[in-house]
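Colleague: Listed below are the residues making up each chain.
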Amino acid sequence: MSVLLEFRDVEASYGGAIAALHGVSLSLAEGEFAALLGANGAGKTTLLKAASNLLPAERGRISAGHILFDGQDVTAHDPGDHLRRGLVPVLEGRRCFKNLTIEENLITGAIGRGLRRTSIAQGLEQVYDLFPRLKERRKVAAGLTSGGEQQMAAIGRGLMARPRLFVLDEPSMGLAPLVVTEIFEALTRLNVETGLTLLVAEQNSAVALKHAHNATVIENGRSVLQGRAADLAARSDIRDSYLGGASV
Amino acid sequence: MDWFELLFAAEVAVGGLLSGVMYALVAIGFVLIYKTSGVLNFAQGAMVLFAALTFVNLVERGVPFWVSVAVTLAAMTALGFGIERTVLRPLANRSPMTLFMATLGLSYVIEGAAQLIWGTQVHRLDLGISNAPFEVWGIFISTFDLVAAAIAAALVAALTAFFRFTHTGLAFRAVADDQFAALAVGLRLDRIWATVWAAAGVVALVAGLLWGARLGVQFSLSLIVLKALPVLVLGGFDSILGAIVAGLVIGATEKLAEVYIGPFFGGGIEGWFAYAVALIVLLVRPSGLFGQKRVERY
Chain A
1 MSVLLEFRDV
11 EASYGGAIAA
21 LHGVSLSLAE
31 GEFAALLGAN
41 GAGKTTLLKA
51 ASNLLPAERG
61 RISAGHILFD
71 GQDVTAHDPG
81 DHLRRGLVPV
91 LEGRRCFKNL
101 TIEENLITGA
111 IGRGLRRTSI
121 AQGLEQVYDL
131 FPRLKERRKV
141 AAGLTSGGEQ
151 QMAAIGRGLM
161 ARPRLFVLDE
171 PSMGLAPLVV
181 TEIFEALTRL
191 NVETGLTLLV
201 AEQNSAVALK
211 HAHNATVIEN
221 GRSVLQGRAA
231 DLAARSDIRD
241 SYLGGASV
Chain B
1 MDWFELLFAA
11 EVAVGGLLSG
21 VMYALVAIGF
31 VLIYKTSGVL
41 NFAQGAMVLF
51 AALTFVNLVE
61 RGVPFWVSVA
71 VTLAAMTALG
81 FGIERTVLRP
91 LANRSPMTLF
101 MATLGLSYVI
111 EGAAQLIWGT
121 QVHRLDLGIS
131 NAPFEVWGIF
141 ISTFDLVAAA
151 IAAALVAALT
161 AFFRFTHTGL
171 AFRAVADDQF
181 AALAVGLRLD
191 RIWATVWAAA
201 GVVALVAGLL
211 WGARLGVQFS
221 LSLIVLKALP
231 VLVLGGFDSI
241 LGAIVAGLVI
251 GATEKLAEVY
261 IGPFFGGGIE
271 GWFAYAVALI
281 VLLVRPSGLF
291 GQKRVERY
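Chain order of the listed sequences is A and B.
If you count by the UniProt record's numbering, then the first sequence holds residues 1 to 248, one letter each, in order.
If you count by the UniProt record's numbering, then the second sequence holds residues 1 to 298, one letter each, in order.
If you are wondering where the hints come from, they were derived from the structure by calculation, not from laboratory data.
Accuracy of the hints is not assured; some may be wrong.
Unchecked claim - Far from chain B, by Cβ distances over 12 Å, these chain A residues were calculated:
no., residue
1, L26
2, R59
3, G80
4, N105
5, L115
6, R138
7, D231
What the hints assert, rightly or not - Here are the simulated distance ranges between beta carbons:
no., chain 1, residue 1, chain 2, residue 2, range
8, A, G65, B, T120, 57 to 67 Å
9, B, E135, A, T118, 55 to 65 Å
10, A, Q72, B, R285, 49 to 59 Å
11, B, H167, A, A29, 33 to 43 Å
12, A, A64, B, R164, 45 to 55 Å
13, A, L144, B, G82, 35 to 45 Å
Cβ coordinates follow ideal geometry from the N, Cα and C atoms, glycine included.
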């Protein structure tokens, strides 16, 4: 399998002063479902934003190392170009457009990709098939829906852009365990049925390790551990020292 | 109060409402840009002046009316795209204060350029709309004001339909809602901003023609921004509906205050009364009557 996304000794900082990453290496093969684990503030969000070249919008930058998406350096393109080449991010905290309805939120994902009306209708059908709850709520302003529905809408909005590589930042944040399971099962279904490549950052290591193939643990801006998810999940010493002792 | 006095009060109020429409027209230009990019565009007044000057000079040189409108429209669109390219893009992700200062500078550049190109003399602008008043139930209403209000209403209807029913309009609303998320979703912020500035330019053209026909096309036209500010404070900086309602409220109260409260101050309160209203609004309800309330549940 070919490598779709590669981080090579990536270092990044904000405002030229605050260092957030001190050397992260990670590579992701096509069709892989990978988890990125680490405590609060470990650098997961920064790493994912760096992949989509979203750091400059927050006055951050990659100060050393390289990130390659599909063989090309990501800093050479703006976030919209990455999206149109198939690298689609789902941001931390969902970031739905709160004043827009659920369906309008979904459509923005397709507009960003530059799709036409027939493709949009097709995309909506697929998203509603994956998350039937969204169909019932499609006329409701996103800000008035539940956290789980907003997360589904954020994922759906990403799917509307027809991703090749789907990068999600903490999809479980603040959600009830049942909803978290539902979301991860949907992600697994996408991975199995359509071969979608996934990179998911999570604090909830239990659920992430259960669904992902491989995992990378980062701590204080460094990648410290890598391996098959099943192996990592089996080792309690790892769980205790890196993953906050979270258990199922 | 006897019947005659009531009629008189109604006439003052109607006149105020109609001039309020003109305030709203200027305020809408601000709202468009503020909503989508968070920039308070101080250059809106200069754009009104630029549009009016361009139009009136073309007409005076014998260019037919509608051709002049089209050419000015093209010029305002080009101006919008030019501003995005040369001012906004290099300053992207800077603080709102930086951007505000940039538009302040921009307003002087546009004013200067307008006078450099078209000269400084005062022009009379005749849109061919009669200014004769007509009578409805004993109240005299100016035809010009009524036509101006109708044009403004048509403009607002067109803008609303655009925001509501087109994909570009949807992208505008998304950017207005959450700029960072819009960037991550792949919406092309630079194009959206350029389009919004062009749209604000079109609004400036309409405002420039109507105000110019009323006051004459001259340098002081750019000062109507000062009339728009209290309207924005009252209506909320990010609401088109707010701009309209607040424009009407300010227009009517300003005229009524002049007539009924004015004598206690020795008259001349029309000029500052709107600011007094704005000050009170700022103390009581800083986001204005229609300013964005967060759609969120807890």
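Colleague: Each hint should be assessed against the structure and marked as holding or not.
Modeller: Hints versus structure:
The beta carbon of A/L26 is kept farther than 12 Å from every beta carbon of chain B, the shortest such distance being approximately 20 Å. Look at A/R59: its CB is around 7 Å from the nearest CB on chain B, not clear of 12 Å, so calling it non-interface is violated. Remark: the non-interface label on A/G80 conflicts with the geometry, its nearest Cβ contact in chain B lying 4 Å away (cut-off 12 Å). Non-interface call for A/N105 relative to chain B: violated, since the shortest CB-CB distance, roughly 8 Å, does not exceed 12 Å.
Non-interface call for A/L115 relative to chain B: violated, since the shortest CB-CB distance, roughly 10 Å, does not exceed 12 Å. The claim that A/R138 is not at the interface with chain B holds, since no C-beta of that chain comes within 12 Å of its own (minimum 14 Å). Every C-beta of chain B lies more than 12 Å from that of A/D231, the closest at about 33 Å, which supports listing it as non-interface. Between A/G65 and B/T120 the Cβ separation comes to about 59 Å, which falls inside the hinted range of 57 to 67 Å.
As the Cβ distance of B/E135 to A/T118 is approximately 56 Å, the hint placing it in 55 to 65 Å holds. Against the hinted window of 49 to 59 Å, the Cβ-Cβ separation of A/Q72 and B/R285 comes to about 51 Å, which satisfies the hint. A hinted range of 33 to 43 Å for the beta carbons of B/H167 and A/A29 is consistent with their spacing of about 35 Å. Hint check: A/A64 to B/R164, Cβ distance near 48 Å, so the stated range 45 to 55 Å holds.
Restraint check, A/L144 to B/G82: a C-beta distance of roughly 40 Å satisfies the suggested window 35 to 45 Å.
In summary, the numbered hints that this structure violates are 2, 3, 4, 5.
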